[in-house]
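Following the hints, position chain B with the ligands against chain A.
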Amino acid sequence: MSMDLSIRNVSHSFALQGGPLPVLDDISLDIPAGSFISLLGPSGCGKSTLLRFIAGLELPGRGDIIAGGAPVRAPGPSRILAFQDATLFPWATVWNNVATGLAARHELKGRESLIDDALELVRLGGFAKAYPHQLSGGMAQRAALARALVNEPQILLLDEPFGKLDALTRMGLQEELLAIWKRTGFTGVLVTHDVEEALLLSGRVVVLSDRPARVLRIFDVQRPLPRRRDDPAIVSLRIEILTALGHAPAGEVAA
Amino acid sequence: MSDVADVPEIGRDGHRLPTLWAAGLLSSLGFAATAAVTLIVPDVVPWGSTALFAWICAGSALLLLMLSASLVSLPERFQNRVKAAGPWLVAIGVWLLLWEISTAKLGWLPKPFFSPPQGLLQVYVSDGPRLLICILYSLRLWGLGFLSGIAVGYALGLALGWSPRFSYWGMPILKLIGPVPASAWIPVTFFFFPSTFHASIFIVALSSGIPVAILTASGVGSINRAYYDVARTMGAGDWYQITHIAMPGSLPHVFVGLFMGLYYSFAVLVVAEMLGAKYGLGWYIQFQTAYSGYANVYATLIIMAAICAGLVKLLFIIRGRLLGWQTGFIA
Ligand SMILES: Nc1ncnc2c1ncn2[C@@H]1O[C@H](COP(=O)(O)OP(=O)(O)OP(=O)(O)O)[C@@H](O)[C@H]1O
Ligand SMILES: [Mg+2]
Chain A
19 MSMDLSIRNV SHSFALQGGP LPVLDDISLD IPAGSFISLL GPSGCGKSTL LRFIAGLELP
79 GRGDIIAGGA PVRAPGPSRI LAFQDATLFP WATVWNNVAT GLAARHELKG RESLIDDALE
139 LVRLGGFAKA YPHQLSGGMA QRAALARALV NEPQILLLDE PFGKLDALTR MGLQEELLAI
199 WKRTGFTGVL VTHDVEEALL LSGRVVVLSD RPARVLRIFD VQRPLPRRRD DPAIVSLRIE
259 ILTALGHAPA GEVAA
Chain B
4 MSDVADVPEI GRDGHRLPTL WAAGLLSSLG FAATAAVTLI VPDVVPWGST ALFAWICAGS
64 ALLLLMLSAS LVSLPERFQN RVKAAGPWLV AIGVWLLLWE ISTAKLGWLP KPFFSPPQGL
124 LQVYVSDGPR LLICILYSLR LWGLGFLSGI AVGYALGLAL GWSPRFSYWG MPILKLIGPV
184 PASAWIPVTF FFFPSTFHAS IFIVALSSGI PVAILTASGV GSINRAYYDV ARTMGAGDWY
244 QITHIAMPGS LPHVFVGLFM GLYYSFAVLV VAEMLGAKYG LGWYIQFQTA YSGYANVYAT
304 LIIMAAICAG LVKLLFIIRG RLLGWQTGFI A
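First to last, the protein sequences are chains A and B. Under the working numbering, the first residue of the first sequence carries the number 19, and numbering increases by one thereafter. Under the working numbering, the first residue of the second sequence carries the number 4, and numbering increases by one thereafter.
Treat the hints as calculated values from the structure; they're not laboratory data. Think of the CB as a built atom: it goes at the ideal place given N, C-alpha and C, for glycine as much as any other residue. There's no promise every hint is true.
Unchecked claim - Facing chain B, from chain A, some residues (calculated, C-beta under 10 angstroms):
hint : residue
1    : Ile84
2    : Ala88
3    : Arg91
4    : Gly94
5    : Ser96
6    : Ile98
7    : Asp103
8    : Phe107
9    : Gly119
10   : Leu263
Okay, chain A solo, but in the shape it has when bound (with noise of 0.2 angstroms):
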């Protein structure tokens, strides 16, 4: 169950009181159905941006993107968004919260044992009663996620997810993402300032530049799932893409 999405030549402009401000400056990918692709670029650079233009909350301005054949004009679930700052609803519980995408669209009703289901997967069991207060940051981005990932949406979209995680549980995670994904098959769109992270998980690596963002590389990653950090392919891409970025120790150029 997915889509393919397709980015195309978009371009936008956030009008500021000094005068416009380009963030996205001709973007184009094209995601075929099933696929995982990571988002690397500089931060401000329009990453997040181009995540709420694909998941519909606004409208670029110019430019057109099509998920499973048809125009995106309008948030919907089947393109589910996992913001980048967990924004939970601090007067819902954390049950509640997961719940939010069912209960919206009336879909709760016999289906409770999946929010359950999903607060295990992100280790937060024992934390289903509790408040979104009493979560540490990192707990209140796995919850974030599992609200993302209960509605099992065809496009998913992930900003920074593991961003405040210490590196077990995110590794924890990402081989979660990954079999999730491989039951699930939804199209993934990663963004991630973790460049190893965008290796392991994703089949293509996305290298923006600085604002407004430009599409500067497309690294592909032909390695068999799961990928080990030491494979050499994997190191020898990991220095590449640092040097896309521009931030490739002195030491590692070399090799």
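Same frame as chain A, now just chain B with the ligands:
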């Protein structure tokens, strides 16, 4: 009042009477002194209920004495609450004593502008049934006015906060009529409402509804837009967003509006009962003011203050129940 400040010290190094609660003892002393002065020194003018007041003070003194002797053996939670009230109990004892002396016993604060405590007591004793009816009438008027006012105000506030078009027309109007004192509407209400009772309800409703409407609207407006984005990306419609984001998210502001509305509506009750009411605390106050029955006025004001304080307390309890999710909120 320096003896009040000394109370904790006495309690801490009270080696002679280690099991006695010092503040309780001190307050008991205050009440006992009031009782003695009331009974022994003759009144300059007769007020009635003098003996009753003295006996109530004596009874309170005895109760406080027993309490201070047995406090250590009572449950911890109860102990803490009683101890917290200690300084106030002492202050009330001293206050009653000074009040009694300066009015009934010395006549420094003369009749009819001032009244000793037994004067107020006499009002409750002699006019009790009528006051009780007045309380019920006022509660009915206030209840109908406040509840309809906050219901309409809340709905209006949600609409103003939610719909930009509604807000475009509604917000300027609300800001314009908001500061107008409720009493200024009396002439208009006479025209629009079938009876003075309905007009009174409208005035109380207006005074409680406007702050609720304004604060609900600002509460909805203050909600982080990202919450709506989260819901929209998961396919939530307007109704879900209103009931699950706008309503819970604005609740902290709504409660500020409810507290303001509660105070305003009480303040306006006296005015509302000017409109040809036959009973009611506000009506009673006006009636007694006209006949210089100031003791009755004070006695009624005390009742109103007590009812208002009780309702405020109730609202606090409801708020604690509903806003438990807020960070750092002490329910
Ligand atoms: N609603 C908005 N109005 C005006 N400017 C905006 C708006 N949203 C984002 N921007 C600007 O657009 C640029 C890109 O923002 P965006 O959030 O997409 O960056 P990002 O690539 O996700 O950065 P980061 O990696 O730090 O999350 C920033 O300069 C930001 O100031
Ligand atoms: Mg971002």
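A quick look at each hint next to the structure:
1. Because the smallest distance between the Cβ of Ile84/A and any Cβ of chain B comes to about 18 angstroms, over 10 angstroms, the interface hint for this residue is violated.
2. With a least beta-carbon distance of about 16 angstroms to chain B, the hint placing Ala88/A at the interface is violated under the 10 angstroms criterion.
3. With its C-beta approaching chain B no nearer than about 13 angstroms, Arg91/A sits outside the 10 angstroms limit, and its interface hint is violated.
4. Among the interface hints, the one on Gly94/A holds; its C-beta lies about 6 angstroms from the nearest C-beta in chain B, closer than the 10 angstroms criterion.
5. Of the supplied interface hints, the one on Ser96/A holds, with its beta-carbon coming within about 9 angstroms of a beta-carbon of chain B, less than 10 angstroms.
6. This hint holds: Ile98/A has a C-beta 6 angstroms from the nearest C-beta of chain B, less than the 10 angstroms allowed.
7. Hint status for Asp103/A: holds, given a least beta-carbon distance of 7 angstroms to chain B, under 10 angstroms.
8. This hint holds: Phe107/A has a C-beta 6 angstroms from the nearest C-beta of chain B, less than the 10 angstroms allowed.
9. A least Cβ separation of about 4 angstroms between Gly119/A and chain B falls short of the 10 angstroms threshold, and the interface hint therefore holds.
10. The restraint placing Leu263/A at the interface with chain B is violated, with a minimum CB-CB distance near 28 angstroms, outside the 10 angstroms limit.
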